[in-house]
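Residue numbers (the numbering used here), protein chains in the order written: chain C, 1 to 349; chain G, 1 to 341.
Heads up, some of the hints might be wrong.
One-sided excerpt, in silico: chain C residues whose CB lies under 7 angstroms from chain G [unchecked claim]:
no., residue
1, L115
2, T281
3, G282
Residues from chain G that face chain C, not an exhaustive set, calculated with beta carbons under 8 angstroms [to be verified]:
no., residue
4, K99
5, A110
6, V247
Stretch-level coverage of chain C by chain G, calculated; a stretch enters the list once three of its residues show a Cβ under 8 angstroms from a Cβ in chain G [stated by the list, open to error]:
no., region
7, 205-215
8, 223-233
9, 290-303
Simulated from the structure, these hints should not be mistaken for laboratory data. Just so it is clear, the structure is predicted and the values come from calculations on it, not from any experiment. Note that CB positions come from ideal geometry on N, CA and C, so glycine has one too.
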Amino acid sequence: MKKTSRRTFGKQITGALAALPVGRILSAPTDATAQTVEVKGQWNGAERFQAIAPALGTVMNLLVEEEGEYAPVMEAAALSAESRKELDAAISFAAAKSGATTDQIITWIDAFTSLGKPGLMADIPISASECAANLHGSWELTSRFSGGNLTNARSEMHCDMDPATGRGKQLLTMVTEMNHFEPTEKATVIISLCEFQFTQNGPFEVIGTSVGVIYGNVFGYENGLKTTDSFRLVRRGQNETMVGYPVRTESNGSDTAARTLVEVSGDPGTIKFKMWGSAATGDHPRTVDTVDTYRNTSNLTPLIGGLETITDYFERVKGNFQGFSAKAASVDQLRKACEVVNIPRLSRL
Amino acid sequence: MVTKKKGRTGTTARRAATADENGWNGATRFQAISGVFGRMLQLQEAVAMEYAPAGTEIFELSATANREMQELVASASKSSGASEEQILSWVEAFNSMGKPGLMTSIPLTAEECCANLNGTFEQISRFSGGVETATRGRIYGDMNPDKLTGHQMITMWTEENMFKATGRGTIFFIMLAELKFRQNGPYEVIVNSEATTYGNAPGYEKGLKTRDEFLLVRKGHNETMAGVPRRSESNGSDTAARFLVEVGGDPGIIKYKMWGVPATDKHPATLDTVDTYQIMSSRRPLIGGWETLTDYFNRVAQGFGARGAKSSTALFEGPYNRQALRRACEHVPVPRNSRQG
């Protein structure tokens, strides 16, 4: 079985900071030239942009090699020695020219590719405890867009978090007409239970890890798929946001993983996930870009149906998942469930 | 009046380049631009280095740089099969939003964009240079989605505005803008704003008129700005020394992210600033529950600009110092089983 994400450049770039504390890297470039330059203390967005500009061309050229992958669950790959050297030289040059450290250049490039110019805003302190607390409660899917079109989908996320320890459990359910591939006559049903752990990594970064099991009526998920993810959270505004790629372990050979998670964030009361589709390969069709947006519906500890803990519910569904998915909503039923029911202004809302 | 050359990717010049979204996804768009993106940004780098981004002239690259830019676009277009307009559009979107900017465009309408601004929004945070700043502010939008027009009033009382705070005083602004929205193909809306801003900062005491144009696109549930707005003037004030890099927001939220700019010989560097507003009411706004935006604004503006006014602070008689502002920003916990929903 293949292991470890092959989002190598993501790892090589994103890992640079996280690497030392979490041991997930990767060689941060070093260059004697950079060390001789006086390191500048205060930066703003425009200055960070100026600092990384000389390296962007090289980095983008190398990044494209990594973006051609299909399902992002393969063996770890390293850049060729030549590419690595080119990358290191570009980063060192940018550091020497700007007065930033090579680690800063790497971080800023990573943030820029993840978030664009807003990624170069000043870091804001973030805490693992708050990240855990911010997930607590129940969330309802307000929209899914697939390839730019609104897709019939219903979903909920339920999080039972313990901010004191930075731990918690998350249950996610989804029934959707379209899940990265062109729709079929049958709706896709997915349920997962994950254990989260948030770990502080300096004042400006939190590392999240999740270990979970996903069941679904799609290939590779019928009997449960175990996943392990690791991702980094930073803060460039009111709320935390992911930078870089999450590192996922495996996909059971399923190409339902044929997407790249490029954004996990959300303003107060919202969580959204943006996933690029993948390019087609000789064996696989292309997949479509997908955006899921969830809205917070309650901050109380979640109980499914108002009386069942998320673990109990998951265990009950998983105990007879085949039977459960056989009775899952048809596409017609799903469409009806997605209809908007207008409620007058002078109502209970 | 200060007029600076500036480079902004034109909004009207780029006519709905995203019209043909079929056959592309984020990964393939990225492949299409990755070979040229870095160099294109290098060529445009000077744009981000301007001090007060307020100019009326259109920034133009040198002939050599312009030629290189065109060659890069043509080369990316040829190797990817995308049109040159698509390449330009994707580079701009990546520049503004990073990888999420390369998501498939979602249709948006001028009417919805206009309607989404209606109501009252309260500022829930301001971060300056990564540090939370004592600030209160509101945005009021009185919109007419049928006509694609509306009025927007913004008030702000803050301890820090782009520059490091000094002294005991605080800064306040009030702005009234007239907004117009227009459809530009199925995936773009162009917004024009004509505003007057009063404040107790240099350049704003007697009212500063500004004109902005910006582009909205949709890569998720809500619209977001792509590229950089064009602003007409800044009265020579340093307070405009920031670079608006994000205007967006999930449902119920509007946020503005502004880069600081580098120091020059005459000016200090400014701070990165993020403002986040949360909707309080979707009804037509009335200040204090009974006064229209324009009436309120005109009444307040008289205190700033009218002849005979004592000073720019004539409006406020109370001790609007830092201590008063900090008290107004204190968090007062409200029990769960209370009047809150």
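Right, here's what the structure says about each hint:
At about 4 angstroms, the closest approach between the beta carbon of L115/C and any beta carbon in chain G falls short of 7 angstroms, and the interface hint on this residue holds. The closest approach between the C-beta of T281/C and any C-beta of chain G is roughly 11 angstroms, which is over the 7 angstroms cut-off, so the hint fails. Because the closest C-beta pair between G282/C and chain G is about 16 angstroms apart, greater than 7 angstroms, the hint is violated. With a least beta-carbon distance of about 4 angstroms to chain C, the hint placing K99/G at the interface is held under the 8 angstroms criterion.
Violation of the interface hint for A110/G is found here, the shortest Cβ-Cβ separation to chain C being roughly 18 angstroms, above the 8 angstroms cut-off. The interface hint given for V247/G is violated, since its Cβ lies 10 angstroms from the closest Cβ of chain C, which is over the 8 angstroms cut-off. Interface restraint, the region 205-215 of chain C with chain G: violated (0 residues with C-beta to C-beta distance below 8 angstroms; minimum three). Counting residues of the region 223-233 of chain C whose beta carbon lies closer than 8 angstroms to any beta carbon of chain G gives 0, which falls below the threshold of three, so the coverage claim is violated.
Judged by the Cβ-Cβ criterion of 8 angstroms, the region 290-303 of chain C is covered by chain G as claimed, because 3 of its residues qualify and three suffice.
Checked against the numbered hints given earlier, the structure breaks hints 2, 3, 5, 6, 7 and 8 and satisfies all the rest.
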